[in-house]
Amino acid sequence: MNRSRRHRQKLPWQIVLIAAVAAAFFLAPFVGLIWRTPWSKFTDIVTRREIRDALWLSIETSLITSVICCIFGVPLAWLLARVEFPGRRFIRALTTLSMVLPPVVGGIALLFTFGRRGLIGQYLDRWFGIRLPFTMTAVVMAQCFVAMPFLVLTVEAALRQFDSRYEGVARTLGGSRWYVFRRITLPSIRPSLFAGFVLAWARALGEFGATITFAGNLPGTTQTMPLATYVALDSNPESALILSLVMIAIAFTILIVLRDRWLGRTDQGVPL
Amino acid sequence: MFARHVLVSALVPIMLFSACASSPESQEQTTLEVYAASSLAMPFAEAGVAFEKEHPGVKVQFNLGASSDLARFVQEGAPADVFASADIANMDKVETQDLLDSQSVIFATNYLEIIVEKGNPLNILSLEDLTDPDLIFVTTSPDVPIGKYTAEVLKKAGVSVTPDSFESNVKGIMLKVASGEADAGIVYHSEVVASDGQVKGVQIPTEFNIVAKYPIGIIKNSTNKKQAQGFVDFLLSPEGQALFTQYGFGVP
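If you're matching them up, the sequences are chains X and H in order.
Residues 472 to 743 in the working numbering are what the first sequence spells out, letter by letter.
Residues 5 to 256 in the working numbering are what the second sequence spells out, letter by letter.
Hints are supplied without guarantee of correctness; some may be wrong.
[To be verified] Reference listing, derived: stretches of chain X covered by chain H, where coverage requires no fewer than 3 residues with Cβ under 8 Å from a Cβ of chain H:
1) 672–681
2) 704–716
[What the hints assert, rightly or not] Derived contacts from chain X toward chain H, CB cut-off under 8 Å, selection only:
3) Trp-506
4) Leu-582
5) Pro-604
6) Phe-605
7) Gly-687
8) Asn-688
9) Leu-689
10) Tyr-701
[Stated by the list, open to error] Lysine to aspartate or glutamate pairs mimicking EDC-like chemistry, simulated, CA-CA at most 20 Å apart:
11) H:Lys-122 / X:Glu-709
12) H:Lys-230 / H:Asp-105
13) H:Lys-159 / H:Asp-200
14) H:Lys-97 / X:Glu-709
15) H:Lys-122 / H:Glu-99
16) H:Lys-224 / H:Glu-132
Calculated directly from the structure, the hints in this document are not laboratory data.
Glycine is no exception: its CB is placed at the ideal position from the N, C-alpha and C atoms.
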């Protein structure tokens, strides 16, 4: 669509009004938060050791999660988009289930599967001495469980839209399957892949319920920013406000910057 | 037929009552909003049913959660009529801001117990046994009453235990121990009673134990103070107190 023409388009005022209400609904809570923030204590709180630990842990785990989501999510999306197999609808529903589930339920499910007495976890413990709960690995697993659907759905949609004849042509020109996937398919879905990566990352960064249920809450090991914020709400509500603002600032900045840099000129129905 | 019968039998007492009632508010159904610490869930649910039976036209609605969360809701002006906290500190937050109608009263007590997995596989028998560094011990942050009490008990006994996780509330500790993910935790005796054998309780000697006091108060801005007082009186009556004993609480 032509950008200048889109700007000149006049919408009915009723729609503009309703849209404005929706936008205000998203804006108001942030204004409310900023209104109550004790700015004089800002630097004092954000430089505290446990806050720095939580911030660093959040950034580290959410990035690891996004990378893992790509490694496993892209092949899964490709399978769902391109291959007809019995039970495909079931697998797709299963993949997206954790988007609808309350994260706490996901956390309990992970606990009963990968925990020390869990379905798989008991063998991990018995045979390899691996115990997942209360570790950073568990934080990443909890985040992957809730974040991967965002990547899978985004990439799958892009793969469906992408004209597979390009791939066919490349194959007839002698490209191997792997070469075509790497040089034709992947580049053409790059904006969506990137959008999926960012969505998964954002979801992982904000993950709370599954993390506290499966990974626990220990400063420096499993206490991510959302957990630290929740804990601070009890001990020191002022620092909880400041932590919330820090999280909002990080997420908002990255969403805006990334959108403009990599997704600004695309028109592929990217959900960002 | 049946519906009309119900309607008539419901309307007649209301009409009779309103004819002789002096205050206009008692004509309609009132809902009593009771904010209570989540450890009180079982006895409060039963108390609510019994109270509703004795007071037709009053519905008791519970908002259960961590006392610290509830105290914050009340501070932020939530429409609570009654607030029951699991500790005095969280009641104080509300009381010092002059949000209570009158001074809070203690209506129940509790003491602590070590909990371990069913069958006690690690043979944990004392607070001393919790110091094993390989043992997975979970508690809550010291801002949640149970976390504060746990720290007090450990300090009294002179043992130092490194927690592996700070759960968000007492239910989190119960889940982690009952599922075998954690080896031990410390919770209220009433939780062990309520768990119905999901975890095993190990006694803490009285000299190290604490008495958790549950205060209750009526909120100043309540529009149902009369019913709220009625509910508090019911909890303090022999009938109400018997409920707490039944669920493993002590009575003041």
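To see whether the hints hold, each was checked on the structure:
1. 672–681: Three-residue rule not met by the stretch 672–681 of chain X, so violated; n is 0.
2. 704–716: holds (count 4)
3. Trp-506: Nearest chain H Cβ about 14 Å off; hint violated.
4. Leu-582: holds, 6 Å
5. Pro-604: holds, 5 Å
6. Phe-605: Interface hint status for X:Phe-605: holds (5 Å vs cutoff 8 Å).
7. Gly-687: Holds, because the Cβ-Cβ distance from X:Gly-687 to chain H comes to roughly 3 Å (cut-off 8 Å).
8. Asn-688: holds, 5 Å
9. Leu-689: holds, 5 Å
10. Tyr-701: holds, 7 Å
11. H:Lys-122 / X:Glu-709: Violated - the C-alpha atoms of X:Glu-709 and H:Lys-122 are around 41 Å apart, more than 20 Å.
12. H:Lys-230 / H:Asp-105: Holds: H:Lys-230 and H:Asp-105 sit about 11 Å apart, inside 20 Å.
13. H:Lys-159 / H:Asp-200: violated, 29 Å
14. H:Lys-97 / X:Glu-709: Measuring from Cα to Cα gives roughly 15 Å; hence the hint holds.
15. H:Lys-122 / H:Glu-99: The given pair, whose Cα atoms are some 41 Å apart, is violated under the 20 Å limit.
16. H:Lys-224 / H:Glu-132: violated, 46 Å
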